[in-house]
Structures are given as C-alpha cells and as structure tokens.
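A.B. asks: The listed protein sequences correspond, in order, to chains A and B.
Sequential numbering from 1 applies to the first sequence in the numbering used here.
Sequential numbering from 151 applies to the second sequence in the numbering used here.
Check each hint, because a few of them may be wrong.
Restricting the straight-line Cα-Cα distance to at most 20 angstroms, the calculated cross-link-like pairs of lysine to aspartate or glutamate (EDC-like) are [said to hold, decoys possible]: (1) A:K105 <-> B:E296; (2) A:K26 <-> B:D259; (3) B:K152 <-> A:E19; (4) B:K152 <-> A:D29; (5) B:K170 <-> B:E238; (6) B:K166 <-> A:D113; (7) B:K170 <-> B:D230; (8) A:K2 <-> B:E173; (9) A:K111 <-> B:E296; (10) B:K170 <-> A:D113; (11) B:K211 <-> B:D223; (12) B:K153 <-> A:E23; (13) A:K26 <-> B:E173; (14) A:K15 <-> A:E86; (15) B:K153 <-> A:E19; (16) A:K15 <-> B:D259; (17) B:K153 <-> B:D259; (18) B:K170 <-> A:E86; (19) A:K16 <-> B:D286; (20) B:K152 <-> A:E23; (21) B:K170 <-> A:D29; (22) A:K3 <-> B:E173; (23) A:K16 <-> B:E254; (24) A:K16 <-> B:D259; (25) A:K136 <-> B:D286; (26) A:K136 <-> B:E296.
Because the hints were derived from the structure by calculation, they are not lab data.
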Amino acid sequence: MKKILIPVDGSQASKKAAEKAAEIGKLIDAELTFITVANLPTEDKYSYFGMTVENAFIANRKNMLKQLIIEEGRMLDILVRNIDTENLRINKKIIVGVPAEEIVKLAAEEKYDFIVIGRRGFSKVERFFVGSVTQKVISASPCPVMVVNT
Amino acid sequence: MKKILVPVDGSTASQKAATKAMEIARQFGASITFITVILEPDLSKYNKFGVLIDPDMKKLKEKLKENEKKMLDSVLNSLDLSDVQTTEKVIAGVAYEEILKEAEEGNYDMIVIGQRGFTKVKRFFLGSVAYRVVSDAVCPVLVVHE
Chain A
1 MKKILIPVDG SQASKKAAEK AAEIGKLIDA ELTFITVANL PTEDKYSYFG MTVENAFIAN
61 RKNMLKQLII EEGRMLDILV RNIDTENLRI NKKIIVGVPA EEIVKLAAEE KYDFIVIGRR
121 GFSKVERFFV GSVTQKVISA SPCPVMVVNT
Chain B
151 MKKILVPVDG STASQKAATK AMEIARQFGA SITFITVILE PDLSKYNKFG VLIDPDMKKL
211 KEKLKENEKK MLDSVLNSLD LSDVQTTEKV IAGVAYEEIL KEAEEGNYDM IVIGQRGFTK
271 VKRFFLGSVA YRVVSDAVCP VLVVHE
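Isolated chain A, as found in the complex:
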C-alpha cells in the first residue's frame, strides 16, 4: 500500500494538488493523508530581550491557537469533502508548527512514498515562481515531491 501525503492550506493550488492526489491514489491504490499546519508566531522573541510578557497575552495566544486549529480543521474538512475520494482510504491531520518543517518531518517519520503539493499558496511575492513552503519541501523532502500548478 502506497502512502501519499498532501499538505493543504486552502488555496486554489492546494485544492488542485488534492484532486490530483485523489486521481493518482485511485490508480495505484494508495492511502491519502491530508495535513494542514497551524502556525502562530511564538512569544519567545519578547522574553529573549527580558521583556515581561503579560499573562493575559499568553492566555489570549492559547485561545487564538485553539481557534486557529478549529478553523484549519474546518477548512480541511471542506476541502476534502469537495473532492472525489470514493473508495479511497483517507486520513486528516492538523499539526501545530512551522509548515515546511512539519511536512518534511512527518514525511520522514511515517515514510510516505510521495508528497503532492501545490506550486504556490497564498503568499503574493511573485519574485519567486515557486512558493516558499513548496521550495523548502522540495529541497528537504525524503521522498519524491509532485508539484501541481493551479
């Protein structure tokens, strides 16, 4: 049984990647794992300079993260529901951390055969044709990466 990892962020490109992965999954009878990474900047940078971070801020941050995970999960559900995954084995995962790092780590730990990823997500810096997360995933991935355009 082949395992395919599909990182999604809700963008058009990630939707295309998910559709392509489902199409391929059916051909080679693979198990698909859709993941999304919830990323929230840490407060470490403030404490580093000896600033006292208010407890209220930290508590608020925790709430924000909780909310973010809920929203990411909702996005993931909708995205997966909208593609044709009939007869396919599907997993969904929400991970907290820095996107590229978590994607590569998961691919290595759980030994995926392929990663299918969109060419660029929401970032609008057109100086580079390939999005930064996709770039990092391609360069650090332990398995072949399929890049799908919008």
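Based on the hints, put chain B in the right spot on chain A.
C.D. replies: Leaving out everything else, chain B in the frame of chain A:
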C-alpha cells in the same frame, strides 16, 4: 496518466528520476518519453565579423547529438524497460525551454525530473533547469532526489 516526460542529463539525479518514472509508468500503464537537450553552439556570432568558420565546427552539432544519444542509451541500458513503451528524443536548444515546449506540445500528463544535475551551486534549492520546469510546466512535475 498516459504520457510521462523524463528529461535526462546523465547525472545521478536524472538516473534516479528515470528509474522512478519506469516504476510509475508500469503501475499506470503509461508510456515514457526520455528527452535530453544539447546546447547548440550559436555560430552566427562568427559570421557577423566575417570570421571563416572551420568546417569541423559545423559537424560539432552532429557530434554533440551523437554523444548525447550515447549517454541516453547507456542510461536506458541500466533500466529495466520491459512492459513499458519508451521513446527517446535528442533536441538542440536551451534545456528548460525545450523541456517545457515538449511537455506542452506533446500533452504530457506528468514530468519526472531529478532534483540536482551537474551544476553544484548549493545556493539554489533545485538545479536551475528543474527550477524553471517546476515553475512553468503546464502539467504536474514530480521531483526526484539524487
């Protein structure tokens, strides 16, 4: 998934890509086109100044193509080609342009490319050819590591 394009430059990465592509083609029942691109020397710059071109220079392109074909053959010889329909192409031009053109005109479903060929500039995450192909390809691109 019926047609797969595999650019080959003789590097380890491109050999890995070719091996992976064969594995995929077997599963999908797809056909593979292996393509390699020679950089054609531009002789017009000599003409402009009235320099006489050595007749051997004109043979250069043929020689380059011949060698490139040999390289491609030896890469293919190292693969198990059974059960898969394969085609070989040697094209003259700029590598990424020709690869993209072939992918578009031939209506390929997928490109399988090695992550790093012979240029070792580590500053870039991908080789320059693979980067351009990933950036501009009309079909999905599978990047295989060295």
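A.B. asks: Could you run down the list of hints and mark each one as holding or not?
C.D. replies: Here is how each hint holds up against the structure:
1. A:K105 <-> B:E296: Holds, at roughly 19 angstroms.
2. A:K26 <-> B:D259: 16 angstroms, holds
3. B:K152 <-> A:E19: 17 angstroms, holds
4. B:K152 <-> A:D29: 17 angstroms, holds
5. B:K170 <-> B:E238: 17 angstroms, holds
6. B:K166 <-> A:D113: Since the Cα atoms of K166 (chain B) and D113 (chain A) sit roughly 14 angstroms apart, the hinted pair holds (cutoff 20 angstroms).
7. B:K170 <-> B:D230: Status holds; Cα separation ~11 angstroms.
8. A:K2 <-> B:E173: OK: K2 (chain A) and E173 (chain B) at ~13 angstroms, within 20 angstroms.
9. A:K111 <-> B:E296: 17 angstroms, holds
10. B:K170 <-> A:D113: At roughly 11 angstroms apart (the allowed maximum being 20 angstroms), D113 (chain A) and K170 (chain B) satisfy the hint.
11. B:K211 <-> B:D223: Holds - the C-alpha atoms of D223 (chain B) and K211 (chain B) are around 18 angstroms apart, at most 20 angstroms.
12. B:K153 <-> A:E23: 15 angstroms, holds
13. A:K26 <-> B:E173: Within the cut-off at roughly 16 angstroms; holds.
14. A:K15 <-> A:E86: The given pair, whose Cα atoms are some 17 angstroms apart, holds under the 20 angstroms limit.
15. B:K153 <-> A:E19: The given pair, whose Cα atoms are some 19 angstroms apart, holds under the 20 angstroms limit.
16. A:K15 <-> B:D259: Roughly 18 angstroms between the alpha carbons, so the hint for K15 (chain A) and D259 (chain B) holds.
17. B:K153 <-> B:D259: 5 angstroms, holds
18. B:K170 <-> A:E86: Outside the cut-off at roughly 27 angstroms; violated.
19. A:K16 <-> B:D286: 16 angstroms, holds
20. B:K152 <-> A:E23: Between K152 (chain B) and E23 (chain A) the Cα gap is close to 13 angstroms, so the pair holds against 20 angstroms.
21. B:K170 <-> A:D29: 17 angstroms, holds
22. A:K3 <-> B:E173: 15 angstroms, holds
23. A:K16 <-> B:E254: Status holds; Cα separation ~19 angstroms.
24. A:K16 <-> B:D259: Between K16 (chain A) and D259 (chain B) the Cα gap is close to 14 angstroms, so the pair holds against 20 angstroms.
25. A:K136 <-> B:D286: 18 angstroms, holds
26. A:K136 <-> B:E296: 16 angstroms, holds
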